[in-house]
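Student: Please arrange chain B on chain A, whose structure you already have, making use of the hints.
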Amino acid sequence: MQAVEDVSVSIRENEFVTFVGPSGCGKSTLLKLVAGLVPPTRGSVHVRDQIVREPFPDVGFVFQQPVLLPWRTVWDNVIFSIEMLGRKPGPYRGAAADLLTLTGLQGFETKYPRELSGGMQQRVAICRALLPDPSLLLMDEPFGALDAMTREEMSLELLRIWEERRKTILFVTHSIPEAILLADRVVVMTPRPGRIARILHVDLPRPRTMDLEFDSRFKALSDDVRSLIFARGPERR
Amino acid sequence: MTIPFARRALGDYVIPAATLIGVLVLWEAVARGFRIPNFIMPAPSAILAEGWEWRYRFIGHTAVTLYETLGGFALSIAVGVPLAILIVYSPAMKSAVYPLIVLAQSVPKIAVAPVLLLILGYGAIPKVVVAFLVAFFPVVIDTATGLAATPPELIDLSRSYRASAFKTFVKVRLPMALPFFFAGAKVAITLSVIGAVVGEFVGSDKGLGYVILSATSYWKTELAFSAMLLLSLMAIVLFGAVSLAERVLCPWLAPDTQE
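These protein sequence lines are chains A and B, in that order. First residue of the first sequence? That's -8 in my numbering, and the numbers climb one at a time after it. First residue of the second sequence? That's 6 in my numbering, and the numbers climb one at a time after it.
What the hints contain is simulated information worked out from the structure, not anything from laboratory work. These figures come from a predicted structure and were not determined experimentally. No residue lacks a Cβ here, since even glycine has one placed at the ideal position from N, Cα and C. Certain hints may be false.
Okay, the calculated bits of chain A under chain B, using three or more residues with CB under 8 Å as the criterion [stated by the list, open to error]:
id	segment
1	23 to 35
2	42 to 52
3	59 to 69
4	90 to 103
Bound conformation, chain A alone:
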């Protein structure tokens, strides 16, 4: 089965790109292709002039579920990425402590995941992804399982982290406001098979806050995205 078709997008270093679209438009598949977890049947993925044929270590992955290891403390969960990369955790101690401070998790190092709220668990997952300092961060609906208020909080926090340590972020979401709030560019996708409907530039000033939702340009952009997703094609139910 073909999940995506004719998807062509080039992303600049340190750019924040969000992919928005309904279920079944192949957003998650796209991230797996970029990470080298699944090989493309046609076409290719290039990262820094290298064709991606297999997983490469310069990637951080955050999923919809935190998927932490329940038997590991917060600290050991953050270190997990380093261990799996086969590196010595020693030199990363300082960086891990910094990340936990940055995400407001200091003091929780020895807690187990079950003792944390969903938002805090997802923060741990973000720290785990960031600790090896990858230049590419892939986020597959990372806030999709959180309640609306935590979700807004986490979006702003992610922006703050990104301002502080620039990375290229590919961020998949169902939420149109979230997609616009975070992105330099929004890739709007339509389903079956997944195609790019349009790529929109978000020329809104940074740093951004929730107040942006009252901005007329923000409204115009979300209307654009909405009409692209919902007013498309005769195959829509």
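Tutor: For chain B alone, coordinates are given in the frame of chain A:
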């Protein structure tokens, strides 16, 4: 939410203990009041007295049954866990082995016991094998379930870090399966006791199962009951030991979710 200590103690200890004592007192009263003969229904006091009389002879019989039980349990883990790993990692092995396991499970083990004794002789080995046959199924099924329970995202994550399949197995899948394994092991240890006793019933001259069988043929019901009491105690202690091992090896499991 915290329940006051006194109320918790009442629910956890006082009520069960009072119920148990009440039942024993009622039993004693009925047995004595209606003058029921010991060979039909011995009173608790008669059972305890008989057990006390047999205390030195019981040591050897208990040791034999314990040995057979632990042997069967150990074998069920030594065979069950690798089998579960094979089933989860190799689809071919799964389609080859799974029907055999289900077939082995569906044969009534009590019916197999006499044949096993015929093949393996009279000693402890056939009892260990019966205990193993009875106990290994939950170990295989629960461990396999646990190994398959790893979220696919974690497998993807490990792959994106280019970790080897072995490393992913040791660091992710195996610990993920540990609570499931213990669920199977807790069932297996109590089943092992049953298997050992069944093996002894079929043919033996040692062990608590043998004591029960020979006691009943001499109409010494109180002796049979005291052997049963020892068997239950043994099963409880063994179950407690496995639960303890679970708590030590899985400290992340919430204490309030363990009943």
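Student: Establish whether the coverage given for the segment 90 to 103 of chain A by chain B is satisfied; the threshold is a Cβ-Cβ distance below 8 Å, and no fewer than three residues must meet it.
Tutor: violated (count 1)
Student: Can you take a look at whether the segment 42 to 52 of chain A is actually covered by chain B? Rule is 3+ residues, C-beta closer than 8 Å.
Tutor: With 6 residues close enough to chain B, the hint holds.
Student: In terms of beta carbon proximity below 8 Å, does the segment 23 to 35 of chain A have 3 or more residues touching chain B?
Tutor: holds (count 4)
Student: Is the coverage entry for the segment 59 to 69 of chain A by chain B consistent with the three-residue Cβ rule at 8 Å?
Tutor: With 4 residues closer than 8 Å to chain B, the segment 59 to 69 of chain A meets the three-residue bar; holds.
Violation of the numbered hints given earlier is confined to hint 4; every other hint is satisfied by the structure.
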